[in-house]
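Asker: Listed below are the residues making up each chain.
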Amino acid sequence: MAQDRNDNVATCLASPTDLSRRRLLAGLLTAYTASLIPWALAQPAPHAYRGAFTALSAILVGRRALDAAQSSRLYNALAATHPHFPADVHALLVLISQRQIDPLNLQQVLDAEQSALAPLPRLIVTAWALGVVGSGEGARCVAYESALDAVIVADVLKPPTYAYGTYGSWTLKPR
Amino acid sequence: MNTPTRCVALLVSMGLLGLFIAAPARGADPSDATLLQRGQYLATVGDCVACHTAPSGKPYAGGLKVPTPIGDIIATNITPSARAGIGRYTEQQFSDALRKGIRADGKHLYPAMPYTSYAQVTDADVHALYAYFMHGVAPVDSMPTPTRLPFPFNIRLSMAAWNLLFLDSKPFTPDPAKSAAWNRGAYLVRGLAHCSTCHTPRNLLMAEESSHELAGGAVGTWLAPNITSDANSGIGNWSEQDLVDYLKLGHALGKAQAAGPMAEAVDHSLQYLGSSDLRAIATYLKTLPAQHEPADTHAIDRWGAAFDGMADQRGTPLPDDANRWSGAQLYDAHCATCHQASGEGSFDGGLPPLFHNTATGRADADNLVLVILDGIRWTDASGVHMPAFADSLNDQQIATLASYLTQHYGNPAATVSAEQVRVLRAGGAPSHLVALARWAMVVVVLLILAIVILLIRRKQRRTSSGRP
Amino acid sequence: MSVQLSADIVVIGSGIVGALAARRLAQQGASVLILEAGPRLERARVLAAFRNSPIKGNWMAPYPPSRWAPHPIYVPKDNGYLKQAGPYPYPAEYIRAVGGTTWHWAAMAWRLVPNDVRIKSLYGVGVDWPLSYDELDPWYQEAEKLLGVAGADNTGSPRKQPFPMEPVAEPWSMRRFRERLAPAYPVVANTVARNSRGYDGRPACVGNNSCQPICPVNAQYLGINAVEAAEAAGAKVVPDAVVYRIEHEAKGRIAAVHYYSPDRAEHRVTGKTFILAANGIESPKLLLLSASDTYPTGLANSSGMVGRNLMDHPSTSLTFYADEELWLGRGPQSPSSINTLRDGPFRSQHAPYRLDFTNISQVLSVTSDLIKEGVYGAEFEKQLRWRAARQVSVKNVLEVLPNRDNRITLSSEKDAMGIPKPEAHYAIDDYTRRGAEVSKADFTRIAELMGGTGLRFSADGQYANNQHITGTMSMGNDPTTSVVDAFGRTHDHENLFICSTGVMPTAATMNSTLTAVALALRTAEHILPAKDAHATASHRGREGNLA
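Here the protein sequences line up with chains A, B and C, keeping their order.
Read in order, the letters of the first sequence are residues 1 to 175 in the numbering used here.
Read in order, the letters of the second sequence are residues 176 to 643 in the numbering used here.
Read in order, the letters of the third sequence are residues 644 to 1190 in the numbering used here.
No lab work stands behind these hints, which were simulated from the structure alone.
Among the hints, a few may not be true.
[Said to hold, decoys possible] So the derived label-pair ranges between C-beta atoms look like this: (1) C/Arg1088 with B/Gly524: 39 to 47 Å; (2) A/Arg99 with B/Ser414: 58 to 66 Å; (3) C/Ala1021 with A/Arg175: 14 to 22 Å; (4) B/Thr348 with A/Arg175: 52 to 60 Å; (5) A/Asp155 with B/Ala593: 38 to 46 Å; (6) C/Gly723 with A/His82: 27 to 35 Å.
[What the hints assert, rightly or not] With a straight-line Cα cutoff of 30 Å, these simulated BS3-like cross-link-like pairs (lysine-lysine) come out: (7) B/Lys233 with C/Lys1174; (8) B/Lys423 with A/Lys173; (9) C/Lys788 with B/Lys233; (10) B/Lys423 with B/Lys461; (11) C/Lys894 with C/Lys915; (12) B/Lys461 with B/Lys240; (13) C/Lys1025 with A/Lys173; (14) C/Lys720 with C/Lys1015.
By construction, the Cβ of each residue, glycine as well, lies at the ideal position given by its N, Cα and C atoms.
Isolated chain A (complex conformation) (with noise of 0.2 Å):
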């Protein structure tokens, strides 16, 4: 798996292939939404929808590095659990890229707009951010460890029920 992350670019920007996908995405993307995901043209993306997904997913969740193994598996779960989610998120995109909108402010112009995109953001941010795809009783686990929550705090917390350390650990100052 370490292994695929390091390999795909490469093997990405060598295919032929891979040259109308990169201006298909480019077309997605404005100079603004770059230049909030300058790395987004090299993102391997051997399908267009997949690649606008990972430039979303970036976006929303305020981080340039995103696993290209789990931006996969969540697209696949998310694509499996909404109908319309590879256009949906294409079209978000592009929205945030026409209107130059400021991811603080996303939620709420959606929500005032009562756009039909306005429960997209959430959906992706709780696939990225708890790992969990679905609501309700359909409600899906797909990250736990990995998950963002677990991610971003990981220098200072361990998840719920992985030990902290030995005994007696917990009484230093966290850092």
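Based on the hints, put chains B and C in the right spot on chain A.
Answerer: Just chains B and C now, with coordinates in the frame of chain A:
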């Protein structure tokens, strides 16, 4: 009596009294606290308690069964009980038992008692040990069952021949070309700490191969690894601090943890050694000639990397059949809690990472299987360091899990089968030494018979052909 | 196909209380059978199930109810097992499985304070217990030794002998509370059934911060440990045995119990003495179910009190951001409390309470908040770290007075086995509400002392349930107003005993488990006195020796 005479008499009697008090009794002065303390320390270094105390038994009262390929050897009572222990031993007898393997009644001890190592102990240290065992240990009047090995090994006299071949009975002499620390370390390692008893390979007659000092041996089912200075097969890339930590704490962060018999050695003995003694041992160990195993192409504490086996299967329910759990699922349910999801261990390293760990880096995975089965449990207040999984995992599960661990965190060439686990769980493959020895004797007897018959026949032929 | 089982002692329910009573009786030489409605569980599977579950805040996720022995589930959807008649919901969670509900608890092992058993005489509220704190003391001690309780002497409950273990190491976050709230509020270490060193062959805590729903390493005492100890002492556990009727003879002696196996086959179990230990809801349910011509209102119910006086420890809380990084989530979930508000003359006016500081990781909570608030972009990670480091919470644990209208009855709805479901009738009265109101001042002061911002009080009139199911089979000297006597023997049936938090006639302010265990040990001793003094102190579990 006039005054001067009285004074003289007083002085003389005081002098005599002084002599009486100050003169050490034969062997030891029981009120010399320093000597007793020294003796106690040396007994700790020698780890006498590990064999001479039964589980939940009184200290030094014997009774522990030491399993050997030729049968169980039962440790004796070495408390100063006159009836059941060594209470009647003189210092010379104590010294002979300790350094020559000869009991007070003249019988030979089996080298399960590591007298071949203790032979190095100096007279002064023997003196302190004797004082401790006579006056610092509580006498216990119960006698453990005497050792009864199967024929022909019950003939203790055979040990005399064995000793002739293999016992170097000279006490340690320091090497003037080496530092004081090196000499102290050599004295401890070769002597009281008797490291070679486990860590030096043995020949067919079960004697240590001195040319392969500390190149690796076995203790029952456990491998006592190569601790020479080889960078791949041994401890060559360990710093002095790593070694000191390992001996004192039972682990070297980011390298290794003591388990099985070594955990016992740290628990009972090594953790109590003074820091200068520990550094001396480290100094000596690092100068041992490197013994390299050709199979070790890679340092055994540098294998593997962080790996999250559950990342792509989180949310997948477990199979009902426990034998169908994957290595990743077994790891998740039983190991990841302490060793963490990617095998990276806790922040403080006290719950160790599984990669860059000798536990997973050896080509021989027996110790890995054993530590999963037995866990690590110290007898002091620290208690359970790692739980035992013998009751919660079956042979197939342990095989799947151990193979998963070596695959992703250790030496991928080390695979584990369920049969291997089964054998280790049962205490190892049964030894054929007793049978071998008996057959060997039968063969020898037959050979002698054959030779005798041949000689008789030859004599008969000569006689019959030579007669007029 | 009926299987005839029989034993000297038949225990219904294999939770920590029933199992420890069973153990003691088995040690005294009785043959003991424990009937458990639910299945056997495996710690490893529970752990994996939790990690794989989508709603990490739902601690019941790894304990799905079995078809034949359902227990209440509320998330993601109420399974409608525990019916709520109101006016206020009583959404207790419990586990019907071998080991019972303490598979998943915070291991709070508190004693009462002496005045807790005399609030009627002292304060004119509630009822007095039929025994004194002093009578309970040696049983508390034995219970603490069995569970392995770690604690210090400064928590308000007098004791004659030291705790088995030193208090569990204090997390940094709790230390800062203790330092900053002194001297106004003394913060003390909770007395917990959690190892602060190797104990009884089990390891010391390594700070998994998941006490609820499961301690992965067995550093916390669980009901399953009690079951294993009972089995080691010779008791036999029969899982998947749903007792649906207690059968009596003409004169009221209990003759047998009847249970269904999951295939709904009927089985009859006879015995000499019966102990009902199926928690404070399932036990009264069973007594009511066992109504007969002789006992039309149910067994042990001549007082009409079976199921009545249902109590709990409701909680309200304050969540806020401290002005320094505390990082809850390092170490055990429930380390510290303020105990000085549990007793005093005010108890005639309003409920007393313990104040509890959580050390549960706030990461899930703050992440959910951020998603709800629609915080995206670089701010997301920044806010997550800032909030997770500072968000803290304090809650009260309020006393509820016994009220005959608060009760468990039989619902008209039946479960999958055709057994009537339990129904809760419950309300929070003014005595408790006034206590909650008073505690708000403490919450505010605590936040002030911690430089708190972003104060969020729990909604007015909203009380969290703490699953301390008490009162439903109260003990008392008067058979017209109580169900069991001071030794847990039902007034109506000389060979039927009850071991449960349900026998506690008042709730006090402390988590009920240790008290219920102490009472159960006392009941066991009463049923079968120890043959010699050593037996009282001995507690050889699976490992043989205590570390």
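Asker: None of the hints should be skipped; say for each whether it holds.
Answerer: Tested hints:
no.: 1; hint: C/Arg1088 with B/Gly524: 39 to 47 Å; in the structure: holds (41 Å)
no.: 2; hint: A/Arg99 with B/Ser414: 58 to 66 Å; in the structure: holds (60 Å)
no.: 3; hint: C/Ala1021 with A/Arg175: 14 to 22 Å; in the structure: holds (21 Å)
no.: 4; hint: B/Thr348 with A/Arg175: 52 to 60 Å; in the structure: holds (54 Å)
no.: 5; hint: A/Asp155 with B/Ala593: 38 to 46 Å; in the structure: holds (40 Å)
no.: 6; hint: C/Gly723 with A/His82: 27 to 35 Å; in the structure: holds (29 Å)
no.: 7; hint: B/Lys233 with C/Lys1174; in the structure: holds (29 Å)
no.: 8; hint: B/Lys423 with A/Lys173; in the structure: holds (26 Å)
no.: 9; hint: C/Lys788 with B/Lys233; in the structure: holds (25 Å)
no.: 10; hint: B/Lys423 with B/Lys461; in the structure: holds (17 Å)
no.: 11; hint: C/Lys894 with C/Lys915; in the structure: holds (15 Å)
no.: 12; hint: B/Lys461 with B/Lys240; in the structure: violated (34 Å)
no.: 13; hint: C/Lys1025 with A/Lys173; in the structure: holds (20 Å)
no.: 14; hint: C/Lys720 with C/Lys1015; in the structure: holds (20 Å)
Of the hints listed earlier, the one the structure fails to meet is number 12.
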